[in-house]
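Chemist: Produce the complete structure using the sequences and hints provided.
So the protein lines, in turn, are chains L and H. Using numbering that gives the first Met the number 0, the letters of the first sequence map in sequence onto residues 0 to 379. Using numbering that gives the first Met the number 0, the letters of the second sequence map in sequence onto residues 0 to 241.
Hints are computed from structural coordinates only; laboratory data are not their basis. If you're wondering where the values come from, they're calculated on a predicted model, not measured in any experiment. It is possible that part of the hints are untrue.
The calculated SDA-like cross-link candidates involving lysine to any residue, where the alpha carbons are at most 25 Å apart (straight line), are [said to hold, decoys possible]:
1. H:K123 - H:V193
2. L:K14 - H:Q147
3. L:K300 - H:P102
4. L:K300 - H:M78
5. L:K367 - L:N287
6. L:K300 - H:R180
7. L:K203 - L:V94
8. L:K6 - H:N117
9. H:K80 - L:A374
10. H:K123 - L:G183
11. L:K300 - H:D85
12. L:K286 - H:G150
13. L:K286 - H:S46
14. H:K80 - L:S362
15. L:K233 - L:A59
16. L:K6 - L:E283
17. L:K14 - H:P102
18. L:K367 - H:F17
19. L:K14 - L:I263
20. H:K80 - L:T123
21. L:K367 - H:S19
22. L:K250 - L:P337
23. L:K242 - L:E66
24. L:K6 - H:L104
25. L:K176 - L:T236
26. L:K286 - H:R82
27. H:K123 - L:K53
28. L:K233 - L:I246
29. L:K286 - H:D85
30. L:K6 - H:P102
31. L:K14 - L:Q275
32. L:K53 - L:D178
33. H:K80 - L:R370
34. L:K367 - H:L104
35. H:K67 - H:M25
36. L:K300 - H:G118
37. H:K123 - L:V9
38. L:K242 - L:L67
39. L:K300 - H:G81
40. L:K286 - H:N117
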Amino acid sequence: MFHLALKMLVGDRAKFFMLLGGLFFAALLMTQQCAVFFGLLSWTTSHISNIRSKVWVVEAKVEQVNELKPLRDTDVSRVRSVAGVAWAVPLYVSVLQARLADGNFKPILCVGLDSTSLVGRPATILEGRLEDIRLPNSVIIDDLALQRLKTPNGPPPKVGDIFEINDREARIVAICKSDRAFFGYPYVFTTYDQALQFAPRQRKMLSAVLAEPAPGLTPQETVDRINASVTGMKAWTEDTFYKDTIIWYFKNTGIPISFGVTIILGLIVGIAISGQTFYSFVLENLKNLGALKAMGASNFKLASMLVVQVMTVGLIGYGLGMGAASAFGAAAAQRGNPPFYLPWQLVAGVLAVILFICLAAASLAIIKVSRLEAAVVFRG
Amino acid sequence: MPPSPTTAVAAFRITKGFGSGAARTMALKGADFTAALGELQLIVGPSGCGKTTLLSIIAGTLVPDEGKVLVLGEELTQMSKGRVTDFRRRNIGFIFQQFNLIPTLTLVENASVPLLLNGVPRSKAERAANAMLEQVGLAGRGQNYPRQLSGGQQQRVAIARALVHDPRLVICDEPTSALDRETGHSVMGLLKEVARKADRSVIVVTHDPRVYDFADRIAEMEDGRVLTNQLASPETLHALHG
Ligand SMILES: Nc1ncnc2c1ncn2[C@@H]1O[C@H](COP(=O)(O)OP(=O)(O)OP(=O)(O)O)[C@@H](O)[C@H]1O
Ligand SMILES: [Mg+2]
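Modeler: This is the structure in C-alpha cells:
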C-alpha cells in the first residue's frame with residue numbers, strides 16, 4: 000500500500016514540488032547558516048588551532064584567546080618553576096602593520112615563537128624551510144598572506160621577497176598553511192626575539208606562556224598545579240581555552256542571535272510551507288481517503304501512509320538541501336570566504352530537524368484524517 | 000425474522016438522528032431491513048427518506064443510535080470500532096456514486112487496493128486486479144488512468160475494485176446516477192450477475208426508476224422507515240412506477 004501512497008503524492012506534481020521545495024529550502028537554509036556560523040566560531044579560535052600547545056598560561060583577567068593581555072618576561076620562568084611543568088616557552092602574538100612595496104600598510108598577526116624549540120610552529124610548510132625562521136629578519140607567512148600582502152597589480156609574495164614590519168626589514172623564508180583568523184589578517188610567524196624587534200617597544204611584551212605537562216601528568220593536572228602556585232596568571236588546557244573562547248563569542252556578541260534568527264526562520268518557513276502544502280494535499284484527497292477508510296483502511300494504516308509520504312519527500316528534500324549546502328561550502332572553501340564548517344553533528348542535527356518538520360506537517364493531516372467519518376463517501 | 004443461512008443482512012428497529020436540539024433530524028425512525036445472498040436488492044424511496052443513512056449503517060461506516068444490525072451472521076452493533084473496520088475490509092465491497100477512483104493511480108492499482116489493505120502481496124494483488132478488470136470488460140486497460148475512461152468504464156473499474164477481494168456483501172449508493180441510461184443498464188446487468196453467480200448479496204440504493212427492472216427484491220422507504228421489502232414482480236414494479 001505504501002508504494003501507492005507515494006504514487007499518490009508524486010502524482011500531484013504541483014504539491015509534490017511545493018513540498019519538496021519547502022523542505023529543501025529549510026534544509027539548505029539551516030545547514031548553510033549553521034555551517035557559516037560554526038565557520039565564524041572556528042575563526043575565533045584560530046590562534047589555538049594554529050599555535051598548538053597543550054597548556055596556555057595567560058594574564059589572569061583574560062577570558063578568551065583573542066584578547067591576550069601582556070605579561071612580564073620573567074613570568075616564563077615563574078611557570079617553568081612550577082612542579083608538573085616539563086618546560087615552558089614564551090609566545091608573542093599581536094597585530095602589527097606590514098608595509099608593502101607600494102607603500103601601502105596592511106595589518107598582520109605577528110606570532111613570535113621560542114627560537115630554540117619553535118613550540119607553536121605552523122604544522123604544514125608549503126614552501127621553504129621551517130628552520131630558516133631562525134635566520135635574522137626572517138618570517139614565515141601563511142597562504143592567506145599571499146593574497147593579503149600582494150600589491151594590487153603585482154604578483155603574490157614569494158620566498159625570498161622582502162617587506163617591512165614597523166620599518167624593519169622582514170624576509171620571507173617559507174610559506175605555511177594556517178586556519179583563518181576572525182578579522183581576516185594573515186599570520187606571520189617569526190622567532191620571539193625577532194618579534195620583539197618588529198614590535199613597538201613596550202614595558203611588557205610577553206603575550207602568553209606555552210607549557211608542556213611533566214611526564215605522567217594530564218594537561219588538566221598541570222593546569223591545576225600552575226593555577227595553585229602562580230598569581231596574576233591563569234593556565235588553560237588547549238581544550239577549555241578553545242571552548243571558553245567560543246562560549247565567550249556566544250555570550251558577548253550578536254552573532255549567535257542573528258544566526259539563530261535565520262535558523263529559526265528556516266524552521267518556521269519549513270514547517271509552514273510543508274505543513275500547509277501537505278495539509279491541502281490531504282484536504283484535496285479527503286474523498287479518496289474516506290473511500291479507503293470505508294474499504295477498511297484503519298486510522299493507523301492511513302496515518303502511516305501519510306507519514307511515509309511526507310518522510311520520503313523530507314528525506315529527498317534533506318538530501319538535496321544538504322547537497323546544495325555542501326556545494327556552497329565547496330565554493331566558499333575555494334574563495335576562502337564566507338567561513339564554512341560542516342561537522343557531522345550538523346549533518347545529523349539538520350536531519351533530525353527536517354524529520355521533526357515532517358512529523359509536524361503530517362500530524363495536522365493525521366488528525367484531520369482520523370476524525371474523518373468513513374460515511375462521508377456516501378454523501379454527494 | 001431469525002437470520003437464516005441465506006440471509007446476508009438483517010437490521011432491526013434502527014434509529015439514527017443527526018444534530019442536536021431544535022436542529023435535530025431523525026433520518027431513521029425504526030427501520031427494519033433484510034437482504035439475502037444471491038440477490039440484487041434495491042432500496043428505493045424519495046430524497047431524504049434515509050436510504051444512504053441505512054446503507055451506511057449496514058456497511059458499518061455509521062453507528063445507529065438504537066437497533067441491531069447483523070451482517071453475514073455477525074452483530075456489527077456489538078463490535079468495537081476497530082473490529083468493524085476489519086470486518087468491512089474483509090467482507091464488504093463498496094461502489095460509490097462518484098466512483099471514487101484515485102486519479103493518480105492506474106486502473107490495476109486502483110482495483111488492487113482492497114487486496115493490499117488485506118495484506119496481499121503486491122504482485123499477487125495486481126494479478127487478481129487484472130483478472131477482475133478483464134471480467135468487467137476492461138481487458139488490457141490496466142495501465143490506463145481513470146481520466147482516460149468514460150464514466151461507465153470508471154464505474155466498471157469501481158466494480159472490479161469492489162469485487163477483487165471476493166466479499167460476500169457489495170454495497171452501492173446510486174451507482175448509476177452519474178451515468179447515462181444505456182451505461183447504467185450495463186452496469187446494473189453486471190451487478191446482477193455479480194449477485195447471482197457468486198452467491199453474493201448486492202444492495203443498491205437508487206432513486207433511478209430505470210434500473211428497477213434489474214432488481215430481485217425491492218425495499219421501499221419513506222420518512223425513515225422501510226415500508227415494504229418484496230420480490231420484484233411485474234405487479235410490484237408497476238406499483239412503484241405508478
Ligand atoms: N451527516 C448528516 N448530518 C446531518 N443531517 C444528515 C446527515 N446525513 C443525513 N442527514 C439527514 O438525514 C436525512 C436522511 O438523509 P439520507 O442521506 O439518508 O437520505 P437519502 O434517502 O439518501 O436521500 P437522497 O435520495 O437525497 O440521497 C435527511 O434529512 C438528511 O438531511
Ligand atoms: Mg442518498
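Chemist: Hint by hint, say whether it matches the structure.
Modeler: Quick rundown of the hints versus the structure:
1. At roughly 22 Å between alpha-carbon atoms, H:K123 and H:V193 fall within 25 Å of each other, so this suggested pair holds.
2. Taking the CA atoms of L:K14 and H:Q147, the gap is about 22 Å. The hint holds against a cut of 25 Å.
3. With a CA separation close to 20 Å, the supplied pair L:K300 and H:P102 stays within the 25 Å bound.
4. Of the pairs offered as hints, the one joining L:K300 and H:M78 holds, with about 20 Å between alpha carbons and a cut-off of 25 Å not exceeded.
5. Using a Cα cut-off of 25 Å, the hinted pair L:K367 and L:N287 holds, with the two alpha carbons roughly 13 Å apart.
6. Of the supplied pair hints, the one linking L:K300 and H:R180 is violated, its CA atoms being roughly 38 Å apart against a limit of 25 Å.
7. At most 25 Å may separate the alpha-carbon atoms for a hinted pair to count; L:K203 and L:V94 meet this at roughly 15 Å.
8. Of the supplied pair hints, the one linking L:K6 and H:N117 holds, its CA atoms being roughly 19 Å apart against a limit of 25 Å.
9. Taking the CA atoms of H:K80 and L:A374, the gap is near 13 Å; set against the 25 Å cutoff, the hint holds.
10. Of the pairs offered as hints, the one joining H:K123 and L:G183 is violated, with about 66 Å between alpha carbons and a cut-off of 25 Å exceeded.
11. Of the pairs offered as hints, the one joining L:K300 and H:D85 holds, with about 12 Å between alpha carbons and a cut-off of 25 Å not exceeded.
12. For the suggested pair L:K286 and H:G150, the alpha carbons sit about 18 Å apart, so the restraint of at most 25 Å is met.
13. A hinted pair counts as satisfied when its Cα atoms are at most 25 Å apart, and L:K286 with H:S46 qualifies at roughly 22 Å.
14. For the given pair, H:K80 sits about 22 Å from L:S362 by alpha-carbon distance, which is consistent with the 25 Å threshold.
15. Of the supplied pair hints, the one linking L:K233 and L:A59 holds, its CA atoms being roughly 5 Å apart against a limit of 25 Å.
16. With a CA separation close to 15 Å, the supplied pair L:K6 and L:E283 stays within the 25 Å bound.
17. Our distance criterion of 25 Å between C-alpha atoms is met by L:K14 and H:P102, whose separation comes to about 15 Å.
18. Between L:K367 and H:F17 the alpha-carbon distance is near 21 Å, which keeps this suggested pair within the 25 Å criterion.
19. Restraint check for L:K14 and L:I263: the C-alpha separation of about 24 Å stays at or below 25 Å, so the hint holds.
20. The suggested pairing of H:K80 with L:T123 is violated, with an alpha-carbon distance near 71 Å, which exceeds 25 Å.
21. Distance hint between L:K367 and H:S19 is fulfilled; the C-alpha atoms sit about 23 Å from each other, no more than 25 Å.
22. For the hint linking L:K250 to L:P337, the alpha-carbon distance of about 22 Å falls within 25 Å, and the restraint holds.
23. A C-alpha spacing of about 15 Å is found between L:K242 and L:E66, which places the hinted pair at or below 25 Å, so the restraint holds.
24. With a CA separation close to 7 Å, the supplied pair L:K6 and H:L104 stays within the 25 Å bound.
25. Under the criterion of a C-alpha separation no larger than 25 Å, the hint pairing L:K176 with L:T236 is consistent with the structure, at around 24 Å.
26. Pair hint L:K286 plus H:R82 holds up; C-alpha atoms about 23 Å apart against a cutoff of 25 Å.
27. For a cut-off of 25 Å, the pair hint linking H:K123 to L:K53 is broken: about 67 Å separates their Cα positions.
28. Simply put, L:K233 and L:I246 have alpha-carbon atoms about 18 Å apart, close enough for the 25 Å limit, and the pair holds.
29. A threshold of 25 Å between alpha carbons decides the hint, and for L:K286 with H:D85 the separation of about 20 Å falls inside it, so the pair holds.
30. Distance check on the hinted pair: L:K6 and H:P102 sit about 10 Å apart at the alpha-carbon level, within 25 Å; holds.
31. Note on L:K14 and L:Q275: the hinted pairing holds, with a Cα-Cα distance of about 10 Å set against a maximum of 25 Å.
32. Distance restraint check for L:K53 and L:D178: the Cα-Cα separation of roughly 18 Å lies within the 25 Å cut-off, and the hinted pair is therefore satisfied.
33. Restraint check for H:K80 and L:R370: satisfied, since their Cα atoms lie roughly 13 Å apart, inside the 25 Å limit.
34. A distance of roughly 23 Å separates the Cα atoms of L:K367 and H:L104; the hinted pair therefore holds under the 25 Å criterion.
35. With a C-alpha separation of about 17 Å, the suggested pairing of H:K67 with H:M25 holds against the 25 Å cut-off.
36. Of the pairs offered as hints, the one joining L:K300 and H:G118 holds, with about 11 Å between alpha carbons and a cut-off of 25 Å not exceeded.
37. Between H:K123 and L:V9, the direct Cα distance comes to roughly 24 Å. Compliance with the 25 Å bound is thereby established for this hinted pair.
38. Our distance criterion of 25 Å between C-alpha atoms is met by L:K242 and L:L67, whose separation comes to about 16 Å.
39. At roughly 12 Å between alpha-carbon atoms, L:K300 and H:G81 fall within 25 Å of each other, so this suggested pair holds.
40. Our distance criterion of 25 Å between C-alpha atoms is met by L:K286 and H:N117, whose separation comes to about 21 Å.
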